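A.B. asks: Now for the letters of each chain:
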Amino acid sequence: MNTLRQIIAVTAVNLRAIPSRLGSSMVIVIGIAGVVGVLVALLSMAAGFKATLAGTGTHERAIVLRGGSTDELGSVITREQAAIITDTPGIARDADGTPQAIAEFYLLTDVAKPGADTPSNVVVRGTRVDVGRVRPEFRIVAGRMFTPGVREVVVGRAVAAQFETLRIGNTVDVRDGPWTIVGVFETGGDVHESELWVDAGALETASRRTAYNSVTVRLESAAAFATFKDALTTDPRMVVSAQREPDYYASRSEQLHLLIRILGYTVAVIMGIGAVFGALNVMYAAVATRAVEIATLRALGFGGLPVVVSVMIESLLLALAGGLVGAVVAYVFFNGYTVNTLNFQTFSQVAFAFRVTPELIRQGLAWALTMGLIGGLFPAIRAARLPIVEALRTG
Amino acid sequence: MRYLPLIWATLWRRPPRTLFTMLSIAVAFLLYALLTAVNAAFNTGIEVAGADRLVTTGRYSLTQVLPAGHIQKIQSLPGVALVAGQSWFGGYYQKESNFFPQFPTQIEPYLAMYPEIVLPEDQKQAMLRTRTGAIIAKTLADRYGFSIGDRIPIIAGIWPLADGSNNWEFDLVGIFDTKNPKDRSIYEMMLFHHEYFDEARQFGKGTVGWMVVKTRDPAQNETVIQQIDALFANSPHETRTQTEKAFNQAFIKQMGDIGLIMSSIIGAVFFTLLFLTGNTMMQSVRERIPELAVLKTLGYSDGGVLALVLAESLALCLLAALSGLALAAVLLPGIAAKLPGFSGLALTPGAFAGAVAIAVLLALVVGLIPALRAMRLQIVDALAAR
Amino acid sequence: MAQTVVSLRGVSKRYTRGRQTIEVLHNLDLDIDKGDFLALMGPSGSGKTTLLNLIGGLDRPSAGELRVGDARLDQMSSAQLTRWRAQHVGFVFQFYNLLPVLSAERNVELPLLLTPLSAAERMKRVRIALQIVGLADRGKHKPAELSGGQAQRVAIARAIVADPTLLVCDEPTGDLDRKTADEVLGLLQLLNREHGKTIVMVTHDPKAAEFATHTLHLDKGRLVEQAAHA
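Protein chains in written order, with my numbering: chain A, 1 to 395; chain B, 1001 to 1386; chain C, 2001 to 2230.
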């Protein structure tokens, strides 16, 4: 109890001194804010990217690709295979008995941002006008749906925001000349919003393709997946693989997600080391300027521990302030900030928004406190070991 | 030079403080060097692009396939020296994370077009003789422990064999390197015969992914580009031809905002750093006010005192920056060996010069306020303040 | 006829503090001859340090004429004063004011860095100066490793190393015990007698003043008495 009272007394003295050393205290705050800001921003980018892909699809849906294909672009599903897949047990059916399955084309086309002479790989999905039967989250938010058999395009909300040329009424080169944009759609913020959707039949003619890329099916229930998968994989007529949609899309985000996270942590560790040195400087200086005060307290009978703890508390509070500033800055500037990049696992452009989640803020603050702890510990020990008599004399 | 001992001694007035400050600056420059090296690796494609090389792809996307007959037609154009068709194989070794690019291509014209790829003559001959042969970059061979004579299994991500199996096998007959080690990242790949690939695959026979074209004279590039695309205009398989440089540039641009993010990180690091260093210099000058007043008493001019403080700041920043860069130079080869696709990571002279320039700028920025303060010091007041 | 080194005619010094103007020195006339060792005495606030600062070229008079050697200090710019100080004045302070990070030698060398002398040449002079103050063997020591008396002697060596016209000392023994103080004063006396240095010293210690050839008393900015010692 006595020690606690001492700690409170010494800490109060220290904290009251902060305003007089505002400049150097700000060094800790800003140094750590910089580190936490960069860390949270980078991780929020990784999180946003992953959320966009991993948030695609539901457990009640499965995607069927050619066996061995890692993504839709490299997959080939022939007409005959598509017919067999559509008839596999486990697929939900409409009231009239029609299976809720859709065979789609998936290809890339070059779209250039205005002012940029270099194009980006944008996904074109050849689908059907009744795609909503399989993907009920699909909704036209502007304009109208494409007309079957006609060279018309509906563009995802995200890709429309990133590429200004993708406006209703404009045209976009899909295959065999320009196609007219007639609508904008959304699918709940998932990766499909980075795609252009067209009629499968029209695309088939224009691209002279004979085989689909994938079949997406709606299952009777999430549990029906096993039935569906078993039926498919034991079918001797073809080699195909079925994955639950969330599993498939999550696996397509793994590499870039990992890369950004590695980058984020590496930068944060290296910067953190720099910031710790800065904090050490400041805290050593703080202890030095307070040598007389500390020595006086010690002479009055205060113990070494309260001195150590009080210095640590000061350092941790400053670090916490820095962490909060960094997290808030990252949140204000980056949360929701949308960028697009090439997902090299699917070779296509994905637009996604940075997501500053509470978990990331918690991580950033933990990081800040770690830096404050290291930055305060050694100066605190120095403070406790200060020879009392000498400190009093030199003062 | 005569002031060096004075500057050096004042720099180390409080050794821990100077050391910590130096370390945090050094760390920032380490980060700078690493990030610029990564950025440079992204951009090597643009630098190494041959002035006389063009790339012909499908008009709408690189991923469109083209008829193999295009190769002959392009070859017969007057301005064209060589053509090599290529495809994207998109397979992997053992598991998907062991990914590296594999290209079926026409080996003879391809190697003739890329003199920067160095393959021993006997291995080249062996490659031309071996139908199922493959050659691979040295960095990849080192990473996966491949040696000549090995049969390398590659699992197809796109192209199954005629029997539907995804398990391709190639005979490794050659290991190549690049003339300049820093170009390694861009040629980190495996090459095999397009002819064999076309025979063995299940579908897509008779097509190529794209073509690399070598012109007789770079000055004719524009003409040749127009000729090629005119050749196939209004056909079912229209093409788009660009210089290799433009093609590579477009590819890098696809990464989108990565470059921007890199510069933002560097910016944040330096802003943070500015604060740490600036504070140290202020502290140091504050402590030395009476000493600086003494120097002025002794007849050191205002400009002289300003120069002394700036020189100290310069010494601090340069020394720290150089140690950070030195550390980066030591670490980079190790990182390059471990990071797939970045085997060319290195500290370039340009990045080095940039770092030194930044260090000087940093020194001036953080030193200026304290230096001005030192310069404006009123001797009488400063001495009386004791 | 003794040569006049320092000459003040009607010198005043005023400071403005906010709206108030305080006149620290009033209309002073004073001559100091070459080879004099002048002690300036007076209570705190009498203006003795201000007068010393004027003579040393650290500050300029508000009015009047101030001549040191051939130089009209009252007419010089701050930059000109700086250059002038480097060549003509040596300073000794109460708290020595050595640079703690430099060795005794390097401290003594500081004024010479402003001259075109070579490194070897500078070191030679530094050694001579240290020899004169009796610290030839302490050249490599840092100020913290020296006693107060030794530190003050290093400061004196620094003051004389560039061979200035005038030595200006502000309470040079204020921080020293009697015995050490006497040693330091003896050294100043020696420099005055043997090396012909003109010295102006501010002190509040009558015993210190006894080492000087003249003593002047200052009170409220005016000279009150002038006495010559034997």
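Hints are computed from structural coordinates only; laboratory data are not their basis. All figures in this text were calculated on a predicted structure; none of them were measured in a lab. Ideal Cβ placement from N, Cα and C applies to all residues, glycine included. Check before you lean on any hint, since a few could be wrong.
One side only, chain A facing chain B, incomplete, derived with CB under 10 Å [unchecked claim]:
no. : residue
1   : S24
2   : G31
3   : S69
4   : V174
5   : M271
6   : G272
7   : I313
8   : L317
9   : F344
A.B. asks: Report holds or violated for the interface hint on A/F344, using the least CB-CB distance to chain B and a cut-off of 10 Å.
C.D. replies: 9 Å, holds
A.B. asks: Against chain B, with CB atoms and a cut of 10 Å, does the hint on A/G31 hold up?
C.D. replies: Because about 5 Å separates A/G31 from the closest Cβ in chain B, which is inside the 10 Å limit, the hint holds.
A.B. asks: Quick one, is the A/M271 hint okay against chain B at 10 Å, beta carbons?
C.D. replies: 6 Å, holds
A.B. asks: Interface hint check: A/G272, Cβ to nearest Cβ on chain B, cutoff 10 Å. Holds or violated?
C.D. replies: Status holds, d = 9 Å.
A.B. asks: Should the interface hint for A/S24 be scored as holding, given a Cβ-Cβ cut-off of 10 Å against chain B?
C.D. replies: Holds: closest Cβ of chain B sits about 6 Å from A/S24, inside 10 Å.
A.B. asks: Holds or violated: is there a CB of chain B closer than 10 Å to the CB of A/V174?
C.D. replies: 7 Å, holds
A.B. asks: With a cut-off of 10 Å on the beta carbons, see whether A/I313 makes it to chain B.
C.D. replies: Violated - the Cβ of A/I313 stays beyond 10 Å from chain B, reaching only about 21 Å at its closest.
A.B. asks: Is the hint on A/L317 kept, meaning its closest Cβ partner in chain B is under 10 Å away?
C.D. replies: 18 Å, violated
A.B. asks: Measuring from the C-beta of A/S69 to each C-beta in chain B, is the shortest one below 10 Å?
C.D. replies: This hint holds: A/S69 lies near chain B, its Cβ roughly 6 Å from the closest one there, short of 10 Å.
The structure does not agree with the numbered hints 7, 8 stated previously, though it agrees with the rest.
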